[in-house]
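Novice: Given next are the chains, with one letter for each unit.
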Amino acid sequence: MRYLPLTPEDRKVMLGAVGAGSIDALFVDVPRSAVLDGPVDLPGFAGELEVERELGALAARNVAAGSVPFFCGAGAYRHHVPATVDHVIQRSEFLTSYTPYQPEIAQGTLQVLFEFQTQVAALTGMEIANASLYDGSTAAGEAVMMASRVTRRGKAVLSGGVHPQYVQTIETLAHAAGVATERLAAAIDAEDAVIAAIDADTACVVVQTPNVFGTATDVSKIAAAAQAAGALLIVVTTEAVSFGMLKSPGEMGADIAVAEGQSIGNALNFGGPYVGLFACKEKLVRQAPGRLCGETVDADGRRGFVLTLSTREQHIRRDKATSNICTNSGLCALAFTIHMSLLGEVGLRKLAALNHQQAVKTKIALASVPGVEVLTPRFFNEFAVRLPKPAAEVVEALAKRGVIAGVPYSRLDPEAGLDDVLLVCATETVTDGDIETFKTQLAEVLG
Amino acid sequence: MSMNSVGRPTTPQADTATGGFASLTGAKGLVQDEALIFEMGGWNKTGVDLPDASIHADDLGDLVRTAPIGLPGLSEPETMRHYVRLSQKNHAIDLALYPLGSCTMKHNPRLNEKMARLAGFADIHPLQPQSTVPGALELMDRLAHWLKTLTGMPAVALTPKAGAHGELCGILSIKAAHEAKGDTARKVVLVPTSAHGTNPATAAFVGYSVREIAQTEDGRVDLADLEAKLGPDVAAIMVTNPNTCGLFERDIVEIARLTHAAGAYFYCDGANFNAIVGRVRPGDLGVDAMHINLHKTFSTPHGGGGPGAGPVVLSEALAAYAPTPWLVHGPDGLTLQEDAIGEAAGAFGRMSAFHGQMGMYVRAYAYMRSHGSDGLRQVAEDAVLNANYVKARLSDLMTPAFPEGPCMHEALFDDAWLEGTGVTTLDFAKAMIDEGFHPMTMYFPLVVHGAMLIEPTETESKQELDRFIGALRALAEAAKAGDADRFKGAPHLAPMRRLDETLAARKPRLRWKPEAPASLAAE
Chain R
1 MRYLPLTPED RKVMLGAVGA GSIDALFVDV PRSAVLDGPV DLPGFAGELE
51 VERELGALAA RNVAAGSVPF FCGAGAYRHH VPATVDHVIQ RSEFLTSYTP
101 YQPEIAQGTL QVLFEFQTQV AALTGMEIAN ASLYDGSTAA GEAVMMASRV
151 TRRGKAVLSG GVHPQYVQTI ETLAHAAGVA TERLAAAIDA EDAVIAAIDA
201 DTACVVVQTP NVFGTATDVS KIAAAAQAAG ALLIVVTTEA VSFGMLKSPG
251 EMGADIAVAE GQSIGNALNF GGPYVGLFAC KEKLVRQAPG RLCGETVDAD
301 GRRGFVLTLS TREQHIRRDK ATSNICTNSG LCALAFTIHM SLLGEVGLRK
351 LAALNHQQAV KTKIALASVP GVEVLTPRFF NEFAVRLPKP AAEVVEALAK
401 RGVIAGVPYS RLDPEAGLDD VLLVCATETV TDGDIETFKT QLAEVLG
Chain C
1 MSMNSVGRPT TPQADTATGG FASLTGAKGL VQDEALIFEM GGWNKTGVDL
51 PDASIHADDL GDLVRTAPIG LPGLSEPETM RHYVRLSQKN HAIDLALYPL
101 GSCTMKHNPR LNEKMARLAG FADIHPLQPQ STVPGALELM DRLAHWLKTL
151 TGMPAVALTP KAGAHGELCG ILSIKAAHEA KGDTARKVVL VPTSAHGTNP
201 ATAAFVGYSV REIAQTEDGR VDLADLEAKL GPDVAAIMVT NPNTCGLFER
251 DIVEIARLTH AAGAYFYCDG ANFNAIVGRV RPGDLGVDAM HINLHKTFST
301 PHGGGGPGAG PVVLSEALAA YAPTPWLVHG PDGLTLQEDA IGEAAGAFGR
351 MSAFHGQMGM YVRAYAYMRS HGSDGLRQVA EDAVLNANYV KARLSDLMTP
401 AFPEGPCMHE ALFDDAWLEG TGVTTLDFAK AMIDEGFHPM TMYFPLVVHG
451 AMLIEPTETE SKQELDRFIG ALRALAEAAK AGDADRFKGA PHLAPMRRLD
501 ETLAARKPRL RWKPEAPASL AAE
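The listed protein sequences derive, respectively, from chains R and C. Just so it is clear: in the first sequence, position 34 is 34 by the working numbering, and no numbers are missing. Just so it is clear: in the second sequence, position 183 is 183 by the working numbering, and no numbers are missing.
Since the hints were made in silico from the structure, they are not lab data. Quick caveat, the model's predicted, so the values are computed rather than measured. Note that beta-carbon positions come from the ideal geometry of N, C-alpha and C, so glycine has one too. Don't take each hint at face value.
To be verified - Quick list of in silico lysine-lysine cross-link-like pairs, DSS-like style, CA-CA up to 30 Å: (1) C:Lys45 x R:Lys283; (2) C:Lys45 x R:Lys361; (3) R:Lys320 x C:Lys187; (4) C:Lys148 x C:Lys181; (5) C:Lys507 x R:Lys320; (6) C:Lys507 x R:Lys281; (7) R:Lys283 x C:Lys181; (8) R:Lys320 x R:Lys283; (9) C:Lys229 x R:Lys320; (10) R:Lys281 x C:Lys513; (11) R:Lys361 x R:Lys389.
To be verified - Computed list of chain R residues with no C-beta within reach of chain C, every gap over 12 Å: (12) Glu182; (13) Ala190; (14) Ala197; (15) Asp201; (16) Val369.
Make a model of the complete structure from these sequences and hints.
Specialist: This is the structure:
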């Protein structure tokens, strides 16, 4: 077996050194009833070629986004990632290292995390950011739990524009911990409606911009209303490229900003692994979840970086920890950091402008199709349209014609009664030809 | 000297043996003193060529971001050099044995990376029509089949994104099962004193109070104490097996029986599954839920701290409560049931958006297929043999915490052998860095004084093990010979010397900021 270096002779010599007659003697503590006498009922070992064949065949049965006109967003976005990114993250020293608990031999990872935290704080317009969480949805769940600890209150108000799977993730965590949630009805342009739901027991309000329907909102008024009532404002963003065009959560008064960072540096990967961005006001840092990297000096007085404020964390505080989290999304955060360093502010703003441009072109094209109504008033790179037929049916019909048209809202929220709503996204990877094909095929399917 | 809660010093001590040589630029040979991108990047520079947009965001009005964001850019060659230089300050499995106990730092095959990057896996969207991703669903189903077969469990929830996330998933399944029976009086989770910190943190996070169970002299769960603490208020027990002392819980079947007799469920922390994969099925031991760290046993890369993946296998009693999405075999083949309806009506909720860590599923499956059932069994055997070999070869110089009987995949030593040398576990570990090895896990488990937990894994050759053992023996002899200076200032040869953790925590600087004007800095 190619991954196992010990030879039969090695094993014999080593068993001798250990003083064991056989390998079975080392498993003597296993109850006799639970010992398997031979391999379990699964295929035997396979060479590289065979594994490549099997997985290659499975992969070939999927329609890759890059092979067709492609318009899905709703929390995951197809962007072009420079070749440099994927090369660097596969360097052994990044790929095959552990959490940087020994800072003397992990400054590479630690300095990257410090750069990442600074970039995320700048993008979100917040004072500080952590070293990343699993993804945007779990970051939103952690933010709600944190708000409940900070305010010592037991209710979270969620706008009707928050991604329904984010809502489910938040509810799962909050309800288990005894935090109530009030989710407002799905609404394309009504983030402000959360204001009326704030009461004396409200720990936080959660709003999303751009929201799941693509609507961008100035949440300043919500921030003021929440804070006047002693609650925190949590702003969720699923498309990190939008930070290059839209006012940041921090500029609009957010207490906590969480986002999905996949768009920068990371592939679609069928939903994971992704990278959760988590940023907040500095005064809240000791209640924050997840790892934090901080600056310090070494014994020679040289600047270096370490994981810090770990007295919040499970390996020190155990049942008193702020979260049970014990990893970040390290390699995805590295990809994010490298891609963001390549872009810089100039590149990010250009990239955002291209996304907006392709989405506007797509909107104009679809609006010209009879029976299609554009619902989203202000958007970045995705918007909702109402179709004269159930959106799921239209998407299936277009998939058969080689166009992946977007996400039916009903797939995310079947109970909302919005079966005719389609979520459409266009990034810089969508060409003008793709848009034309989409329009033509949609007209045929609807006609 | 500052100490943290486990007695580990957090501030470097005064240096007693620097060797005296320093370069003029701060470089250490080929390892450069590398600035932050914020100190080297240009505010108008970029490393990507993008066209200018011809349509402008006039429709967005006041929502447009006009203030500077504060993100420097680098050209492509500068970017490459910056991050390659940083990489060279890291230790890695590909450089040397990485004996972090409880972390299973094994070889990461590059075939897995190649497979995960196939466009049919990497370039598919979680919400594109299910009819366009049958191969992805099939891969998830095959992975699920392997995990269920290897553990002897009937169900698996694939979506948890890490071990601790898997623990959360398992405990939420248990909570849902109790609630479904109308049993809401159970408010306690039992956890051994030797447990990973994530166990009590997970239980507390979802509202349980944690009660500790004592450990016996020989490093196992104290059955009498367990029996005394089980009762109608106990929801679950969380036990790691093999445990954090690197030992198999001999009485595990009895632990499961007692737990079930008290109406509670048995959560097994599967962090150490590598020691028994292919030889023992947790399902045969009475386990109700167990997470599997794909980044440990099944070799998806640790990536400097993530991303991981923590699927949870579930017993018949808990399977109905697994979170959405569910993979369902129907008349039209495999589908993902994304909502808690139909077969998935009992689901306790959702762990995250979408369907979990697909990129990790592909890597783990490629790893399993490469090994096969025979190879995986050999994995466990070699991992256990390697650990016992290290223990046997070091036991005359160092003190094993549990000398009697074999260990599993980890060799655990205490610091009794360092008494009187003036060298601590931390000093010893830092001196390993000068010899080219990553330190072992230190001061964990908490039940062993000055613990040193060594997990070599099965992917080390005998030659590398002998090199490692030779280095540790030389260091142990140096410590006993009174060469304390070697240890107090260690590491001497790493990219950095010991870092001041106390300073970092006292005045947290968590992001780069432009240098403050002198008048402000003086405050």
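Novice: For each hint, tell me whether it holds in the structure or not.
Specialist: So, going through the hints one by one against the coordinates:
1. Pair hint Lys45 of chain C plus Lys283 of chain R does not hold up; C-alpha atoms about 33 Å apart against a cutoff of 30 Å.
2. Using a Cα cut-off of 30 Å, the hinted pair Lys45 of chain C and Lys361 of chain R holds, with the two alpha carbons roughly 28 Å apart.
3. Under the criterion of a C-alpha separation no larger than 30 Å, the hint pairing Lys320 of chain R with Lys187 of chain C is consistent with the structure, at around 16 Å.
4. A threshold of 30 Å between alpha carbons decides the hint, and for Lys148 of chain C with Lys181 of chain C the separation of about 26 Å falls inside it, so the pair holds.
5. Between the alpha carbons of Lys507 of chain C and Lys320 of chain R the distance comes to roughly 23 Å, so the proposed pair stays at or under 30 Å and holds.
6. The straight-line distance between the Cα atoms of Lys507 of chain C and Lys281 of chain R is roughly 16 Å, inside the 30 Å bound, and the hint therefore holds.
7. Annotation: proposed proximity of Lys283 of chain R to Lys181 of chain C is violated, straight-line Cα distance about 43 Å (limit 30 Å).
8. Of the supplied pair hints, the one linking Lys320 of chain R and Lys283 of chain R holds, its CA atoms being roughly 20 Å apart against a limit of 30 Å.
9. At most 30 Å may separate the alpha-carbon atoms for a hinted pair to count; Lys229 of chain C and Lys320 of chain R meet this at roughly 21 Å.
10. Among the hinted pairs, Lys281 of chain R with Lys513 of chain C is consistent with the structure: their alpha-carbon atoms are about 15 Å apart, no more than 30 Å.
11. Restraint check for Lys361 of chain R and Lys389 of chain R: satisfied, since their Cα atoms lie roughly 23 Å apart, inside the 30 Å limit.
12. At roughly 17 Å, the least C-beta separation between Glu182 of chain R and chain C is larger than 12 Å, which holds for a residue marked as non-interface.
13. In this structure Ala190 of chain R is separated from chain C by more than 12 Å, as the shortest Cβ-Cβ distance comes to about 16 Å.
14. For Ala197 of chain R, the non-interface assignment is confirmed: its Cβ lies about 22 Å from the closest Cβ of chain C, beyond the 12 Å cut-off.
15. Chain C leaves Asp201 of chain R outside its interface by the beta-carbon criterion, the shortest separation being 18 Å against a cut-off of 12 Å.
16. Non-interface call for Val369 of chain R relative to chain C: holds, since the shortest CB-CB distance, roughly 20 Å, exceeds 12 Å.
Comparing the model with each earlier hint shows violations of hints 1 and 7; every other hint is respected.
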